[in-house]
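Full structure from sequences and hints, please.
Residue numbers (our numbering), protein chains in the order written: chain A, 1 to 84; chain B, 85 to 309.
Just so you know, nobody snuck in bad clues.
Below are the DSSO-like pairs computed for lysine-lysine, each with C-alpha atoms no more than 27 Å apart in a straight line:
| hint | chain 1 | residue 1 | chain 2 | residue 2 |
| --- | --- | --- | --- | --- |
| 1 | B | K207 | A | K19 |
| 2 | B | K151 | A | K5 |
| 3 | B | K207 | A | K61 |
| 4 | A | K22 | B | K132 |
| 5 | A | K5 | A | K58 |
| 6 | A | K19 | B | K171 |
| 7 | B | K151 | B | K207 |
| 8 | A | K70 | B | K151 |
| 9 | B | K207 | A | K83 |
| 10 | A | K58 | A | K83 |
| 11 | B | K151 | A | K19 |
| 12 | B | K234 | B | K151 |
| 13 | B | K151 | B | K118 |
| 14 | A | K22 | A | K5 |
| 15 | A | K19 | B | K118 |
| 16 | A | K19 | B | K132 |
| 17 | B | K151 | A | K22 |
| 18 | B | K207 | A | K58 |
Bear in mind the hints are in silico, worked out from the structure with no lab data behind them.
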Amino acid sequence: MTELKENLKRQIIEQLNLKDIKPEEIGDDQPLFVEGLGLDSIDALELIVLLQQHYGIKLAKAEDGPMVFKSVNTIADYILAHKQ
Amino acid sequence: MISQGYLQIIKFVTLFQLLMNVVVSHYSRIRNGKVVSDNELLFNIQGKTFDQFSESVYRQAGIQYPKFHKMDHLSKLGFLAADILLKNNNLDIKADPYQTGVILSNHSSSLDTDIRYYNMAHKGIASPAVFVYSLPNIVIGEICIRHGIKGENNFFISDHYDIPSQVDYINHLFNTGVIESCIGGWVELINETYDAFLYYAVKEIAGSQFPQHTPESIIKLYHSN
Numbered sequence: 001m002t003e004l005k006e007n008l009k010r011q012i013i014e015q016l017n018l019k020d021i022k023p024e025e026i027g028d029d030q031p032l033f034v035e036g037l038g039l040d041s042i043d044a045l046e047l048i049v050l051l052q053q054h055y056g057i058k059l060a061k062a063e064d065g066p067m068v069f070k071s072v073n074t075i076a077d078y079i080l081a082h083k084q
Numbered sequence: 085m086i087s088q089g090y091l092q093i094i095k096f097v098t099l100f101q102l103l104m105n106v107v108v109s110h111y112s113r114i115r116n117g118k119v120v121s122d123n124e125l126l127f128n129i130q131g132k133t134f135d136q137f138s139e140s141v142y143r144q145a146g147i148q149y150p151k152f153h154k155m156d157h158l159s160k161l162g163f164l165a166a167d168i169l170l171k172n173n174n175l176d177i178k179a180d181p182y183q184t185g186v187i188l189s190n191h192s193s194s195l196d197t198d199i200r201y202y203n204m205a206h207k208g209i210a211s212p213a214v215f216v217y218s219l220p221n222i223v224i225g226e227i228c229i230r231h232g233i234k235g236e237n238n239f240f241i242s243d244h245y246d247i248p249s250q251v252d253y254i255n256h257l258f259n260t261g262v263i264e265s266c267i268g269g270w271v272e273l274i275n276e277t278y279d280a281f282l283y284y285a286v287k288e289i290a291g292s293q294f295p296q297h298t299p300e301s302i303i304k305l306y307h308s309n
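This is the structure we're talking about:
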């Protein structure tokens, strides 16, 4: 689980071009949108692409997005629950 | 009683005076690894790709704007040219954001990013973050968001930099009261070839020695660096 979260942080930084942020600066429970990392709607689409590219997971329901992409912890939980 | 002919003369003279009241106070230029502001060479960074060059200018200029890293090359070029133009000259346009326009043009539209997106789409999953930059006027959006500009804006595509048409269009916006100041210019980028020339036109400040906003003055500025 820890390795998955560390990988996720690196992948988020690379996929979203967050050049001024280091993986260790992203907290597991830190909100990714608005007050946290300040991600926007385009970043949300990029996170969907990230799930598909790196983990082969397609977000089944778009309305699940805000819950799934709330933090690194919630993304990791979703990956573990849906990875085949 | 004033004759129609006399009224026409007054109208012409008034319009002429209005045209003469628009001046070009500052300009910036980025091309061939050089960044120039009002004839002053600020940065000379040679032997770099555009990605490396733009990153160096961003760092050396002390800009702190994380969204810069997400932009495509055309937007990075326009963004840097606008930042150099406005910040380097302490031009604060937030006082009247609705009266500031941005009128730009180029030759290659957003083709640089269009090709990148096309290639990505053919390899697999295309990036939404790349797709959103597949329009040339996005560079205007990035400049407006950064500097709080909310006035008239337009992006023209032309074979070459048609300075007379652009100056005429901008002067028309001034003369019809749409804008009080304007960023005009050329932001062209394709592959590793780039050229940004931005200038700031404003209603004349009393006693200033700035050149008038005419095709001749812009042509002279454009070819000076």
